[in-house]
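Student: Residues per chain, in single letters:
Protein chains: 2
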Amino acid sequence: MKTLASLSKAQLLDMEKKLSENYEEFKSRNIKLDMSRGKPSSDQLNLSNSILSAPLDNYMTEQGIDARNYGILDGIDEVKRLFSELLDIPSENMIIGGNSSLNLIYDAMARLYIFGALGSTPWGKLDKVKILCPVPGYDRHFAICEEFGFEMVNIPMKKDGPDMDMVESMAKNDPAVKGIMCVPLYSNPDGTCYSEETVIRLAGMETAAEDFKIFWDNAYGIHHVFKQVSLYNIFDACRRFRTEDRILYFFSTSKITFPGSGIALVAAGDEYIKEIKLHFGRQTIGYDKINQLRVYNYFKNVDGMLEHMAALAKELKPKFSIVLETLNQEFEDTDMLQWTKPLGGYFVSVNTMSHCAKETVRLAKEAGLSLTSAGATYPYGKDPLDQNIRIAPSYPTCDELELAMQLFCICVKLAAVRKVLEYK
Amino acid sequence: MKTLASLSKAQLLDMEKKLSENYEEFKSRNIKLDMSRGKPSSDQLNLSNSILSAPLDNYMTEQGIDARNYGILDGIDEVKRLFSELLDIPSENMIIGGNSSLNLIYDAMARLYIFGALGSTPWGKLDKVKILCPVPGYDRHFAICEEFGFEMVNIPMKKDGPDMDMVESMAKNDPAVKGIMCVPLYSNPDGTCYSEETVIRLAGMETAAEDFKIFWDNAYGIHHVFKQVSLYNIFDACRRFRTEDRILYFFSTSKITFPGSGIALVAAGDEYIKEIKLHFGRQTIGYDKINQLRVYNYFKNVDGMLEHMAALAKELKPKFSIVLETLNQEFEDTDMLQWTKPLGGYFVSVNTMSHCAKETVRLAKEAGLSLTSAGATYPYGKDPLDQNIRIAPSYPTCDELELAMQLFCICVKLAAVRKVLEYK
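Residue numbers (the working numbering), protein chains in the order written: chain A, 213 to 636; chain B, 213 to 636.
Since the hints were derived computationally from the structure, they do not count as laboratory data. It cannot be assumed that every hint is accurate.
Identical copies go unnamed one by one, so any copy, or any two together, can satisfy a pair.
Claimed, not checked - Calculated lysine-lysine pairs in the DSSO-like style (CA-CA distance at most 27 Å, straight line): (1) 486 <-> 594; (2) 489 <-> 594; (3) 342 <-> 489; (4) 570 <-> 221; (5) 489 <-> 337; (6) 337 <-> 384; (7) 526 <-> 371; (8) 342 <-> 384; (9) 636 <-> 221; (10) 230 <-> 636; (11) 370 <-> 342; (12) 340 <-> 594; (13) 577 <-> 239; (14) 631 <-> 553; (15) 526 <-> 512; (16) 239 <-> 570.
The shape of chain A in the complex, shown without the other chains (with noise of 0.2 Å):
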């Protein structure tokens, strides 16, 4: 491999100038592209659209409860069936929540913090809370710990999960460590798959703290894209240690058929999930059973789900092609830019050099590429590196997403050998 600090100023220096030239070039060309969210494209949404055209012509369930009407707090049987197949909980252990899991996740939190748990301290009542974050990880967790006033630890991710020596020594040591926020397969940003052993050290660690929990994020529970990794279910790892309650497990469509209108799921040990189900009866009435209905007669079953997602990767596939290839081309063998190879989910996570990740995103942003920001992978948005960028292909267009990609090339390579020239 050959280092950018092994070349020589003039080296550098003339690299500089091209890769100037070229980033002026893109400038000037006004293009307006957008990478900083996950959000899926016009092609993948027109996949579920026979969920808005589709009449609901019977708006009675499976049980013969007419979904128009009030009633039935904790999801439709039909939902929980299909969800209870589909990733192997009992319907028993969850409640079919709104349209965001990130909305029942912050409420999860706010539960804890008012309420404790199963007899526990409120964890707003206590001196400090601590929960602990693999990093890189998802923005909109960390922005919830902050919320509260969660102090976040990092731990960093390794191949098949967290460190997990690490998190075991903080769990059992520190009685103020009261969680870990989890995305288990291809997490949010790196697209790390947690390993079976990772899974059954979760669930079977010893923790200082009596209501220790694991935010066990699914989102991208079955976002297989080029290959099917399976997660080791973490209710089988659990039981067998006696540990369930320290699930809240949550699952969504958002990212499957339409966000904002899909519908999530919270599933939990069997004694917390009776707890949940007693604050969910004074803080609703219910969930829109009617939208539970329409996403149930698109999927029908997990059969249909899992074809839905097969046509969803062939939409996805050709995206991550370009970014992984893109960056193979550019950045085999230099210094300038580690990435990850993600195997499914949303995203491809990047370190360029340290302390150029912010310049990047600027640079990119400059000349009309909007990236997500620099430390948003991090609590508190601090990247102690400088290094890691999150990369969301999903939403543009490819030919969109080659011009981006381009573009993002020069950026990474402009402030890396400018911040190597700092020091020439």
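On the provided structure of chain A, position chain B as indicated by the hints.
Tutor: Below, chain B alone, put in the same frame as chain A:
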């Protein structure tokens, strides 16, 4: 008026015997009727069926935003405009929420518990928080206050709203008094409409708590049945006294279109709504814009909503009439029952003789008629005189309702006669 107590024991025993016979005859019919909740009837729901059957061909909002995708935290412009015109609240002061105004109320309480408001001490950090509760009132409001451990203080409901002398005195002198729960038009269960004077006094009163909140649950804001009562605009009133930030205004279409599949809103003063939006931005990526579009397409404008409400009133009017006429026939000039004569809303509230409500409800239940639990209309389920019962006439058909009211009257009388006999 002929009081029961003025009758001789023999007369009472004779009455009791005849009523018991009638009651047993009813029981033998094995009827099963439900007047327990304010649920719309199937006929009422049918009015909105085109929301279910109409395909949503255009998923672009007025602003040209794809409603299928992420984005827009506070609701699509067309829905905000609709509610803004309907309720005379500026669009900027509202957030269109999910399917449940109750959920918005719960979340509003949770936010105050956790964060306080505009820099005030979080309510959860205070030794005591008191909420003024006009009684009789809505059981689910009380359940929320109880959930957060807020002490509920009964405020007698008068003809034009809560006893404002008492409200003003408590709010002024006790800094622990943090709010008041209001259903200002056609209140649940009394059907009371707050007068202009009441609204202005609520807006202008001195409060010891800097973060006093008026929970303004305008659930029946357009549910005119016999007459259109207009509600003085609390925003106008508060602007006069610069107290807009004490408003927490809630509205929803749950009792207009479909319970559970409607859209809800929360509105507040200029400063406080900004703070609420910040919290919403961490709680969710956005609410269901597809459903917002569907509901909007059905109504199109305020006239469309009012036309719909006129049709709905046509459904409700004969039901209210059955209840009111039956009560009049059976109880005029007796001391066995008092009742309200609401001009709109969803309920009729009755007061039995003291200590007869529970027994009346029990008798009805035993004969197949479910009523709202006695006591439910009071905080902690404690009706001090055990006399109030909420009648919810919307759900049964007119035939069922006539039958139910016959049975109900027998139960009221039987409980009353037996109670008086205890003292003879």
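Student: Determine for every hint whether it applies to the structure shown.
Tutor: Hint by hint, here is what the structure shows:
Taking identical chains as interchangeable, the C-alpha atoms of residue 486 and residue 594 lie at most 27 Å apart only when they sit on different chains, with a minimum of 26 Å there against 38 Å within one chain. Taking the closest pair of Cα atoms, residue 489 and residue 594 come within 27 Å of each other only across two copies (24 Å); inside a single copy the shortest separation is 36 Å, beyond that limit. Proximity of residue 342 and residue 489 under a CA criterion of 27 Å is satisfied in both settings, with 26 Å inside one chain copy and 26 Å between copies. For a Cα distance limit of 27 Å, the shortest separation of residue 570 from residue 221 inside one copy, 23 Å, qualifies, whereas the shortest one across copies, 91 Å, does not.
In this assembly of identical chains, the alpha carbons of residue 489 and residue 337 lie at most 27 Å apart whether taken from the same copy (23 Å) or from different copies (25 Å). For a Cα distance limit of 27 Å, the shortest separation of residue 337 from residue 384 inside one copy, 21 Å, qualifies, whereas the shortest one across copies, 29 Å, does not. Taking CA atoms no more than 27 Å apart as the test, residue 526 paired with residue 371 passes inside one copy only; the shortest distance there is 25 Å, against 65 Å between copies. For the homomeric pair residue 342 and residue 384, the shortest alpha-carbon distance inside one copy (13 Å) is at most 27 Å, but the shortest distance between copies (40 Å) is not.
Only within a single protomer do residue 636 and residue 221 lie at most 27 Å apart by alpha-carbon distance; the minimum there is 6 Å, versus 110 Å between protomers. Proximity of residue 230 to residue 636 under the C-alpha cut-off of 27 Å is restricted to the intra-copy arrangement: shortest distance 18 Å within a copy versus 107 Å between copies. For the homomeric pair residue 370 and residue 342, the shortest alpha-carbon distance inside one copy (21 Å) is at most 27 Å, but the shortest distance between copies (50 Å) is not. In this assembly of identical chains, residue 340 and residue 594 lie within 27 Å of each other by CA distance solely inside one copy; the values are 20 Å within and 38 Å between copies.
Proximity of residue 577 to residue 239 under the C-alpha cut-off of 27 Å is restricted to the intra-copy arrangement: shortest distance 10 Å within a copy versus 76 Å between copies. In this homomeric assembly, residue 631 and residue 553 come within 27 Å of each other (Cα to Cα) only inside a single copy, at 26 Å, whereas the closest approach across copies is 79 Å. When the C-alpha separation of residue 526 and residue 512 is checked against a cutoff of 27 Å, the pair qualifies only within one copy, where the shortest distance is 21 Å, while the shortest distance between copies is 38 Å. When the C-alpha separation of residue 239 and residue 570 is checked against a cutoff of 27 Å, the pair qualifies only within one copy, where the shortest distance is 18 Å, while the shortest distance between copies is 77 Å.
Every hint from the earlier list agrees with this structure, and none is contradicted.
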